[in-house]
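Engineer: One-letter residues, chain by chain:
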Amino acid sequence: MEFLSYLSPMFFTLIAAGALIGVIFGAIPGMTATMAVAVCLPLTYALDLTNGLALLLGLYVGGISGGMVPAVLLNIPGTPSSITTTFDGYPMAKKGEGERALKISIVASLFGGLFSAGVLFYFAPVLADFAIKFSYVEKFLIIFLALTVIASLTKNMLMGIFSGVLGVWLSLIGTYEITDGGNGETRLMFDFMEYYLVAGFSLLPVLIGIFGITTILQDAEKGFKGDAGSPTIKLTKGSRFSLSVFKGQLVNLVRSSSIGTFVGMLPGVGGSAASVLAYTQEKNFSHDSSQMGKGAPQGLVASESSNNALTGGALVPLLSLGIPGDSTTAILIGAFTLQGIQVGPLFIGDNLDTWYIMIAALVVANFLMFGIMFFAIKYIAKVIEVPKHLLYPIIVMMCVVGAYAINYGIMFDVWTLLIFGVFGYIATKVGIELVPLIIGFILGGSAEVYFVKSLESYGNLTIFFTKSPIAVLLWVLIVLSLVFAIFLKVRARKQENLVSSN
Amino acid sequence: MESQFLSLFEVSIAFEESHLFFPRIVSWVLVGLLAIILLSKSNRIAPALRRAGQAVTQGGDGFDRKRFFGTILLIVIYFYMMAVVGDIFPNTGFGFLFVSIPFIFLLSMLYVEHSTRKNILIIAVTAAIAPTLAWYVLSQLFRITLP
Amino acid sequence: MKVMKTHLRKLVCAVAIAGTAGASMSSFAADCPIPGNLRVVIGSTSTGGDTYQNSSIVADHLAKKLDINAKVDAVGAMAGFRALDRSRNGNTVMIFHDQAYLGNLYGVKGYDNIFEKYTVGPTVAINPGNAYLVPKDSPYQNIDEVIAAAGEGEEIRVAIQPGGVSEIGFSALKNAVKVEHPGMEDNVVAVNTGSQADKNQLLFDDMADVINGSVQANEQYTRLPADDQKAMRFVWLTARNDTIKQTNEEGMGKTSREDLLQYVNPNVTVPQSESQNFTFDKEFFFLYNKDMNPEIVSCIDNALEEIYAQGDIQEQQKKSFFIPNFKPSSEAQAYLKDKRDQYKTIIENIK
Chain Z
1 MEFLSYLSPM
11 FFTLIAAGAL
21 IGVIFGAIPG
31 MTATMAVAVC
41 LPLTYALDLT
51 NGLALLLGLY
61 VGGISGGMVP
71 AVLLNIPGTP
81 SSITTTFDGY
91 PMAKKGEGER
101 ALKISIVASL
111 FGGLFSAGVL
121 FYFAPVLADF
131 AIKFSYVEKF
141 LIIFLALTVI
151 ASLTKNMLMG
161 IFSGVLGVWL
171 SLIGTYEITD
181 GGNGETRLMF
191 DFMEYYLVAG
201 FSLLPVLIGI
211 FGITTILQDA
221 EKGFKGDAGS
231 PTIKLTKGSR
241 FSLSVFKGQL
251 VNLVRSSSIG
261 TFVGMLPGVG
271 GSAASVLAYT
281 QEKNFSHDSS
291 QMGKGAPQGL
301 VASESSNNAL
311 TGGALVPLLS
321 LGIPGDSTTA
331 ILIGAFTLQG
341 IQVGPLFIGD
351 NLDTWYIMIA
361 ALVVANFLMF
371 GIMFFAIKYI
381 AKVIEVPKHL
391 LYPIIVMMCV
401 VGAYAINYGI
411 MFDVWTLLIF
421 GVFGYIATKV
431 GIELVPLIIG
441 FILGGSAEVY
451 FVKSLESYGN
461 LTIFFTKSPI
471 AVLLWVLIVL
481 SLVFAIFLKV
491 RARKQENLVS
501 SN
Chain R
1 MESQFLSLFE
11 VSIAFEESHL
21 FFPRIVSWVL
31 VGLLAIILLS
41 KSNRIAPALR
51 RAGQAVTQGG
61 DGFDRKRFFG
71 TILLIVIYFY
81 MMAVVGDIFP
91 NTGFGFLFVS
101 IPFIFLLSML
111 YVEHSTRKNI
121 LIIAVTAAIA
131 PTLAWYVLSQ
141 LFRITLP
Chain X
1 MKVMKTHLRK
11 LVCAVAIAGT
21 AGASMSSFAA
31 DCPIPGNLRV
41 VIGSTSTGGD
51 TYQNSSIVAD
61 HLAKKLDINA
71 KVDAVGAMAG
81 FRALDRSRNG
91 NTVMIFHDQA
101 YLGNLYGVKG
111 YDNIFEKYTV
121 GPTVAINPGN
131 AYLVPKDSPY
141 QNIDEVIAAA
151 GEGEEIRVAI
161 QPGGVSEIGF
171 SALKNAVKVE
181 HPGMEDNVVA
191 VNTGSQADKN
201 QLLFDDMADV
211 INGSVQANEQ
221 YTRLPADDQK
231 AMRFVWLTAR
241 NDTIKQTNEE
251 GMGKTSREDL
261 LQYVNPNVTV
271 PQSESQNFTF
281 DKEFFFLYNK
291 DMNPEIVSCI
301 DNALEEIYAQ
311 GDIQEQQKKS
321 FFIPNFKPSS
331 EAQAYLKDKR
341 DQYKTIIENI
351 K
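Here the protein sequences line up with chains Z, R and X, keeping their order.
Under the numbering used here, the first residue of the first sequence carries the number 1, and numbering increases by one thereafter.
Under the numbering used here, the first residue of the second sequence carries the number 1, and numbering increases by one thereafter.
Under the numbering used here, the first residue of the third sequence carries the number 1, and numbering increases by one thereafter.
Hints may be right or wrong, so weigh each one.
Pairs of lysine-lysine, DSBU-like flavour, derived with a Cα cap of 30 Å [said to hold, decoys possible]: (1) LYS41/R with LYS294/Z; (2) LYS378/Z with LYS95/Z; (3) LYS494/Z with LYS118/R; (4) LYS66/R with LYS467/Z; (5) LYS66/R with LYS429/Z; (6) LYS429/Z with LYS41/R; (7) LYS230/X with LYS245/X; (8) LYS41/R with LYS489/Z; (9) LYS66/R with LYS222/Z; (10) LYS467/Z with LYS136/X; (11) LYS133/Z with LYS41/R; (12) LYS351/X with LYS254/X; (13) LYS337/X with LYS318/X; (14) LYS339/X with LYS351/X; (15) LYS118/R with LYS155/Z; (16) LYS222/Z with LYS41/R; (17) LYS290/X with LYS65/X; (18) LYS118/R with LYS382/Z; (19) LYS245/X with LYS319/X; (20) LYS94/Z with LYS118/R; (21) LYS339/X with LYS117/X; (22) LYS71/X with LYS351/X; (23) LYS247/Z with LYS382/Z; (24) LYS118/R with LYS378/Z; (25) LYS133/Z with LYS136/X; (26) LYS467/Z with LYS230/X; (27) LYS65/X with LYS133/Z; (28) LYS64/X with LYS318/X; (29) LYS230/X with LYS133/Z.
Residues from chain Z that keep clear of chain X, each with C-beta distances beyond 10 Å, as calculated [unchecked claim]: (30) LEU49; (31) TYR122; (32) ASP180; (33) ARG240; (34) ILE323; (35) LEU332; (36) LEU346.
Keep in mind that the hints were calculated from the coordinates and are not lab data.
Note that this is a predicted model, so its numbers are computed, not measured.
Where a beta carbon is used, it is the ideal one built from N, C-alpha and C, also for glycine.
Only chain Z is shown next, with the shape it has when bound in the complex (with noise of 0.2 Å):
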């Protein structure tokens, strides 16, 4: 327990500055975790190791919580692993339950991000060795099943599926990247858009430019009048928070946590899938889900308690392998570096006390992340009360930051808001379902890498069948979400001519 000595004040002060400093960067739609610990990380320079991992890991668990809060109030993701959290977070905003939605977030934040950090310590490497057998062909059926759950988060699900293959259309414009294995071609374009689509079009402002840009666009059609107009959301109507929402929710926590820690786990699978499984697994799986997507508490649950899970997820591999499970823990290999500390599958062994003082690190940043929040929350809150006439501008300034800050400084992005804030106004009105195609969009590049790595490397489609049990298994879990999406929806319209016949 020597390792206790580390504890300073100076390491909880420093995580409650990461874990607030996190919190506001996750909170502005446009900033992500990523950045707030790619900014942070020439300050741990001046730190030692305990303390700078100390600042990181606040950073990086209060980043990722930060992004509910947007995805609540305002119907703007975050982060895109809070998509999810839109679907019912909103809905209750809008019911003026605001701020019981986001302790409900932030309770399930707290139980996923504490879930996780214990399954790293004390499954870590056993994981490690669980994650390497998940290779082209069983990661490409783990992206592929992500995309199947879309239908059961459509309306109308042709036009869903319609919706979520658009999206992977749209992210595979742009180059063949060799950085990926591919060959440097770009494909889907002109000549003449080469100049600007060379990289395609960025996550990030697609992601704010159809949430953001498309909502204000709509209100400006309607212009600002009756439902649109200036403050209609009271904060204080409704029901208020209490923990026994969190009755009957135990076996969803589990799960949800599980799946985003499972699914942080698969370097390159993309934590945004963890979210969406986790909530169409709610939406399948629990006894009454005819309330998502219309304000459940589960839904936010499931969401929330996920894409907090990812934090613990994705430094398996980091600790267990020296390979990033994410964008953000890529950045920590730099802080290792620099401090002179190796990753690999050595890791653990090999510095007992930077492993403790991790988990230490990731358990209290929960906490905190959890205090801070949980008190600020009122405050918060409030920013749905200002009018929109004054809030509109100032989300169109921050996702221009965002947009332009993401890949340090490229203009194409900034106007990637505009383009897709226009394609959005124009996709909903046309019936182009939003959801689906912004989680095809997000799982379409790696898609496309693991299904041409499987074939060019087993030449065969029947590999996708006979590659090992783990396929059979996702095969499975496939077909089981599809044949629920479909059962789910028969059973919606039943009811529904029931209610009208009645």
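Given chain Z's structure and the hints, the job is docking chains R and X onto it.
Structural biologist: Below, chains R and X alone, put in the same frame as chain Z:
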């Protein structure tokens, strides 16, 4: 027999062409789905287009042309001018700062329902403070690159 | 529009002068036309990788020396080249490595000839870690056996990232087979993949016999017990013997400098031609816009010269497993051009 069956599913991808393999599949699926959608909804397309055209050209239907097109126009000018001004003061973030202030002011003025003196004052103060604060914290404290 | 632009420029200039007039200049910077806010773009999009780390070390020292602000932006190769194209006044410079010309040699879209399109600036450091590994239970004990096996008709699958630094070692290997066993070089086949994680995975899945990796990322895998599926073994470091000799004595992890030297020339021979052995050092260097004021070029050269004379930067670089390697612009240009020409011959030879 079995090997024959397996060879049905054989695929070989030339590396030089591999960038087109997956996009082609997705494009065909997309076209197929589009065709199904258009066929199943063909009778509803024409009237919808006519309604949309009317709303855009003549307003009505609750379509606020001034605010809608004003928003798009302002955003276009905003993005364009930000790069132009940013080029005059490279690597300082001034392009963002100097252009955001008038943009926020104008967009707020476009959206506000009652332009009373008090409202205009609040808008002016917000337009000055918000970008300055964002610029100072992000560009100066965190050294994030801004236009 | 034009009139409006100039008016605007005047107006905004007036505002800005008030803001910047207060900034002081050191004696060094006084006769240096370098802008007060320098943007350093790099050819990688990762802020955790070697390019970013090395560039931020160099940029920090440069900023201190010249009393300016310097900010490293990980925009990636394409966006980096474009930012450089636009910046004639030297507000943006680029730091990149051999990928800059190797991409061009391999014909990757978007990579132009840097020696024609840009001004090549000083080199600053080497990453000596470029390595090739086999599974610990591989039948091949060293790279000679790999070459011999290919010469006897065995297929050798090498996992690499195509089109650059990761591929050049593969090309050299193929070329070596051609030199020693003419006609058998097609037995060395590339398995094109992306990140280090993907390359490792191919080895675990037995879909590759040899992978490209690095001392930094793979050293711990070489220390795993042989019965671990993840265990690997170094067979070849592409760096020059001299380069490895300059690393700190402790080497990396538990693999000392002495151990590392086993895997380089002359203990390992990968013939480039009848008379010469192949080596590859991944070197980091500056790239400038062609129209940039030559005074800025010499200014950065001089500043770096002084920085390297002081010696702090070397320690910092070595601590992060970089080998300090400063060459002023003119020397660097000639050196890199020669390096490029040698690799060009190899790549053309195996086409």
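Engineer: For every hint, state whether the structure bears it out.
Structural biologist: Do the hints match the structure? See the list:
In summary, the hint linking LYS41/R to LYS294/Z is supported, as the alpha carbons are separated by about 28 Å, within the 30 Å threshold. At most 30 Å may separate the alpha-carbon atoms for a hinted pair to count; LYS378/Z and LYS95/Z meet this at roughly 16 Å. Simply put, LYS494/Z and LYS118/R have alpha-carbon atoms about 54 Å apart, too far for the 30 Å limit, and the pair is violated. Our distance criterion of 30 Å between C-alpha atoms is broken by LYS66/R and LYS467/Z, whose separation comes to about 59 Å.
Distance hint between LYS66/R and LYS429/Z is fulfilled; the C-alpha atoms sit about 19 Å from each other, no more than 30 Å. For the hint linking LYS429/Z to LYS41/R, the alpha-carbon distance of about 15 Å falls within 30 Å, and the restraint holds. Distance hint between LYS230/X and LYS245/X is fulfilled; the C-alpha atoms sit about 29 Å from each other, no more than 30 Å. Between LYS41/R and LYS489/Z the alpha-carbon distance is near 20 Å, which keeps this suggested pair within the 30 Å criterion.
Pair hint LYS66/R plus LYS222/Z holds up; C-alpha atoms about 10 Å apart against a cutoff of 30 Å. A C-alpha spacing of about 24 Å is found between LYS467/Z and LYS136/X, which places the hinted pair at or below 30 Å, so the restraint holds. Note on LYS133/Z and LYS41/R: the hinted pairing is violated, with a Cα-Cα distance of about 46 Å set against a maximum of 30 Å. Simply put, LYS351/X and LYS254/X have alpha-carbon atoms about 40 Å apart, too far for the 30 Å limit, and the pair is violated.
A hinted pair counts as satisfied when its Cα atoms are at most 30 Å apart, and LYS337/X with LYS318/X qualifies at roughly 26 Å. Of the supplied pair hints, the one linking LYS339/X and LYS351/X holds, its CA atoms being roughly 19 Å apart against a limit of 30 Å. Restraint check for LYS118/R and LYS155/Z: not satisfied, since their Cα atoms lie roughly 44 Å apart, outside the 30 Å limit. Distance check on the hinted pair: LYS222/Z and LYS41/R sit about 27 Å apart at the alpha-carbon level, within 30 Å; holds.
Simply put, LYS290/X and LYS65/X have alpha-carbon atoms about 24 Å apart, close enough for the 30 Å limit, and the pair holds. Proposed proximity of LYS118/R and LYS382/Z is supported: the alpha carbons are some 21 Å apart, at most 30 Å. Restraint check for LYS245/X and LYS319/X: the C-alpha separation of about 15 Å stays at or below 30 Å, so the hint holds. With a CA separation close to 28 Å, the supplied pair LYS94/Z and LYS118/R stays within the 30 Å bound.
With a C-alpha separation of about 18 Å, the suggested pair LYS339/X and LYS117/X falls inside the 30 Å cut-off, and the hint holds. Our distance criterion of 30 Å between C-alpha atoms is broken by LYS71/X and LYS351/X, whose separation comes to about 41 Å. For the hint pairing LYS247/Z with LYS382/Z, the CA-to-CA distance comes to about 28 Å; that is within 30 Å, so the pair holds. With a C-alpha separation of about 27 Å, the suggested pair LYS118/R and LYS378/Z falls inside the 30 Å cut-off, and the hint holds.
This hinted pair checks out: LYS133/Z and LYS136/X have alpha carbons roughly 18 Å apart, not beyond 30 Å. As the CA atoms of LYS467/Z and LYS230/X are separated by approximately 20 Å, the hinted pair is consistent with the 30 Å bound. For the hint pairing LYS65/X with LYS133/Z, the CA-to-CA distance comes to about 50 Å; that exceeds 30 Å, so the pair is violated. The straight-line distance between the Cα atoms of LYS64/X and LYS318/X is roughly 20 Å, inside the 30 Å bound, and the hint therefore holds.
For the given pair, LYS230/X sits about 11 Å from LYS133/Z by alpha-carbon distance, which is consistent with the 30 Å threshold. Look at LEU49/Z: its CB is around 13 Å from the nearest CB on chain X, clear of 10 Å, so calling it non-interface holds up. For TYR122/Z, the condition that its CB be more than 10 Å from all CB atoms of chain X holds, with the nearest at approximately 20 Å. Non-interface status of ASP180/Z relative to chain X is broken: a Cβ of that chain comes within 10 Å, the nearest being about 4 Å off.
Every C-beta of chain X lies more than 10 Å from that of ARG240/Z, the closest at about 43 Å, which supports listing it as non-interface. For ILE323/Z, the requirement that its beta carbon stay farther than 10 Å from each beta carbon of chain X is not met, with the minimum near 4 Å. Remark: the non-interface label on LEU332/Z conflicts with the geometry, its nearest Cβ contact in chain X lying 7 Å away (cut-off 10 Å). With a least beta-carbon separation of about 4 Å from chain X, LEU346/Z fails to lie farther than 10 Å from that chain, contradicting its non-interface assignment.
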